[in-house]
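A.B. asks: Sequence:
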Amino acid sequence: MFSKIKNTSGFTLVEILASVILLTVVISFFLSIFPQMSNMNNRNGENLDSANVAKEVLVLVKENYSIDNSTLNLEGSILNFTIAENNSNSLIVKGTYDTLSNKKFFIELEINKTGAISNSTIDNLYQVKIKVKNSHENTNALATTYGYIR
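Using this note's numbering, the first residue of the sequence shown is number 0, and each one after it goes up by one.
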């Protein structure tokens with residue numbers, strides 16, 4: 000009446016379903032990695048940009064600041080800067096910095112007006128601390144750099 004089929008070549012339905020499920024799990028694992036990599040690249044890019052801005056501001060301060068008469072001429076570079084505090088020990092300047100790629104960073108610049116190094120062979124050096132933030136309200140700086148000016 001019924002004869003057994005002796006041909007066993009090919010895949011069973013269970014094997015096909017198991018392979019599809021396994022392939023789906025592997026693909027979903029790899030697809031979850033790509034958004035994380037993109038997010039990490041964006042954060043690293045912002046940190047790199049802020050470090051470059053901090054170095055640029057330090058160079059601008061070295062070129063444009065005179066400790067003798069406490070003048071700082073950064074009109075073309077830092078937009079909307081204000082002198083927040085000007086006491087006998089330090090000068091604090093806050094402002095915004097626009098990059099060429101239209102990113103806006105908030106700068107906090109502190110110039111210590113008491114001589115950091117006073118030596119007969121070296122002129123007086125004054126410490127400069129620059130913090131770069133992504134907003135005025137943010138207390139954590141994206142980048143902080145230090146330097147000395149004469």
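Mixed in with the good hints there might be a few duds.
No more than 20 Å apart at the CA atoms, straight line, and that leaves these computed lysine to any residue pairs for SDA-like [to be verified]:
1. Lys-93 to Asn-123
2. Lys-128 to Ile-26
3. Lys-54 to Asn-88
4. Lys-102 to Ser-134
5. Lys-132 to Ser-100
6. Lys-103 to Ser-31
7. Lys-93 to Asn-51
8. Lys-61 to Asn-51
9. Lys-103 to Ile-148
10. Lys-132 to Ile-32
11. Lys-61 to Arg-149
12. Lys-132 to Thr-11
13. Lys-128 to Ala-17
14. Lys-102 to Asn-46
15. Lys-61 to Tyr-147
16. Lys-93 to Ala-17
17. Lys-61 to Ser-8
18. Lys-132 to Thr-95
19. Lys-128 to Ala-140
20. Lys-103 to Ser-134
21. Lys-102 to Tyr-147
22. Lys-112 to Asn-137
23. Lys-54 to Lys-103
24. Lys-112 to Asn-123
25. Lys-128 to Asn-88
26. Lys-132 to Thr-98
27. Lys-103 to Arg-149
28. Lys-103 to Tyr-147
29. Lys-128 to Thr-138
30. Lys-102 to Glu-55
31. Lys-93 to Asn-43
Pair by pair, the computed Cβ-Cβ distance ranges are [what the hints assert, rightly or not]:
32. Lys-102 to Ile-20: 41 to 51 Å
33. Leu-22 to Thr-95: 18 to 28 Å
34. Gly-44 to Val-19: 31 to 41 Å
35. Thr-113 to Ala-50: 19 to 29 Å
36. Glu-136 to Phe-28: 14 to 24 Å
37. Asn-101 to Asn-123: 33 to 43 Å
38. Asn-38 to Asn-63: 16 to 26 Å
39. Asn-38 to Asn-86: 53 to 63 Å
40. Ser-27 to Asn-63: 51 to 61 Å
Note that these hints are calculated values from the structure, not bench results. Glycine residues also receive a C-beta, built at the ideal position from the N, C-alpha and C atoms.
A.B. asks: Determine for every hint whether it applies to the structure shown.
C.D. replies: We went through each hint and held it up to the structure:
Restraint check for Lys-93 and Asn-123: the C-alpha separation of about 25 Å exceeds 20 Å, so the hint is violated. In summary, the hint linking Lys-128 to Ile-26 is not supported, as the alpha carbons are separated by about 48 Å, beyond the 20 Å threshold. Distance hint between Lys-54 and Asn-88 is unfulfilled; the C-alpha atoms sit about 23 Å from each other, more than 20 Å. The hinted pair formed by Lys-102 and Ser-134 meets the criterion: a straight-line CA distance of about 12 Å does not exceed 20 Å.
With a C-alpha separation of about 16 Å, the suggested pair Lys-132 and Ser-100 falls inside the 20 Å cut-off, and the hint holds. Note on Lys-103 and Ser-31: the hinted pairing is violated, with a Cα-Cα distance of about 31 Å set against a maximum of 20 Å. At roughly 18 Å between alpha-carbon atoms, Lys-93 and Asn-51 fall within 20 Å of each other, so this suggested pair holds. About 15 Å separates the Cα atoms of Lys-61 and Asn-51, which keeps this hinted pair within 20 Å; it holds.
Restraint check for Lys-103 and Ile-148: the C-alpha separation of about 26 Å exceeds 20 Å, so the hint is violated. Straight-line distance between C-alpha atoms of Lys-132 and Ile-32 comes to about 28 Å, which puts the hinted pair past the 20 Å bound. With a C-alpha separation of about 8 Å, the suggested pairing of Lys-61 with Arg-149 holds against the 20 Å cut-off. A hinted pair counts as satisfied when its Cα atoms are at most 20 Å apart, and Lys-132 with Thr-11 does not qualify at roughly 61 Å.
At most 20 Å may separate the alpha-carbon atoms for a hinted pair to count; Lys-128 and Ala-17 exceed this at roughly 61 Å. The suggested pairing of Lys-102 with Asn-46 holds, with an alpha-carbon distance near 12 Å, which does not exceed 20 Å. Taking the CA atoms of Lys-61 and Tyr-147, the gap is near 8 Å; set against the 20 Å cutoff, the hint holds. In summary, the hint linking Lys-93 to Ala-17 is not supported, as the alpha carbons are separated by about 62 Å, beyond the 20 Å threshold.
Under the criterion of a C-alpha separation no larger than 20 Å, the hint pairing Lys-61 with Ser-8 is inconsistent with the structure, at around 80 Å. Between Lys-132 and Thr-95 the alpha-carbon distance is near 9 Å, which keeps this suggested pair within the 20 Å criterion. About 12 Å separates the Cα atoms of Lys-128 and Ala-140, which keeps this hinted pair within 20 Å; it holds. A C-alpha spacing of about 9 Å is found between Lys-103 and Ser-134, which places the hinted pair at or below 20 Å, so the restraint holds.
Using a Cα cut-off of 20 Å, the hinted pair Lys-102 and Tyr-147 is violated, with the two alpha carbons roughly 27 Å apart. With a CA separation close to 26 Å, the supplied pair Lys-112 and Asn-137 exceeds the 20 Å bound. For the proposed pair Lys-54 and Lys-103, the alpha carbon gap of about 15 Å is at most 20 Å, so the pair holds. Pair hint Lys-112 plus Asn-123 holds up; C-alpha atoms about 10 Å apart against a cutoff of 20 Å.
Of the supplied pair hints, the one linking Lys-128 and Asn-88 holds, its CA atoms being roughly 14 Å apart against a limit of 20 Å. Distance restraint check for Lys-132 and Thr-98: the Cα-Cα separation of roughly 13 Å lies within the 20 Å cut-off, and the hinted pair is therefore satisfied. About 29 Å separates the Cα atoms of Lys-103 and Arg-149, which puts this hinted pair outside 20 Å; it is violated. As the CA atoms of Lys-103 and Tyr-147 are separated by approximately 25 Å, the hinted pair breaks the 20 Å bound.
Taken as a hint, the Lys-128 and Thr-138 pair is honoured in the structure, with Cα atoms around 15 Å apart against an allowance of 20 Å. Distance restraint check for Lys-102 and Glu-55: the Cα-Cα separation of roughly 14 Å lies within the 20 Å cut-off, and the hinted pair is therefore satisfied. Straight-line distance between C-alpha atoms of Lys-93 and Asn-43 comes to about 24 Å, which puts the hinted pair past the 20 Å bound. For Lys-102 and Ile-20, the Cβ-Cβ distance of about 45 Å falls inside the hinted range of 41 to 51 Å, so the restraint holds.
The given range of 18 to 28 Å is broken by Leu-22 and Thr-95, whose C-beta atoms sit roughly 51 Å from each other. At roughly 38 Å, the beta-carbon separation of Gly-44 and Val-19 lies within the given 31 to 41 Å, and the hint holds. Judged by the Cβ atoms, the range 19 to 29 Å given for Thr-113 and Ala-50 holds: they are separated by roughly 27 Å. Take Glu-136 and Phe-28: their Cβ atoms lie about 38 Å apart, and the range 14 to 24 Å is violated.
Under the hint 33 to 43 Å, the C-beta atoms of Asn-101 and Asn-123, about 39 Å apart, fit the expected range. Asn-38 and Asn-63 have their C-beta atoms about 37 Å apart, which leaves the hinted 16 to 26 Å range violated. Roughly 42 Å separates the CB atoms of Asn-38 and Asn-86, a value that falls outside the hinted 53 to 63 Å. Between Ser-27 and Asn-63 the Cβ separation comes to about 55 Å, which falls inside the hinted range of 51 to 61 Å.
Hint check: violations occur at hints 1, 2, 3, 6, 9, 10, 12, 13, 16, 17, 21, 22, 27, 28, 31, 33, 36, 38 and 39; the rest are consistent with the structure.
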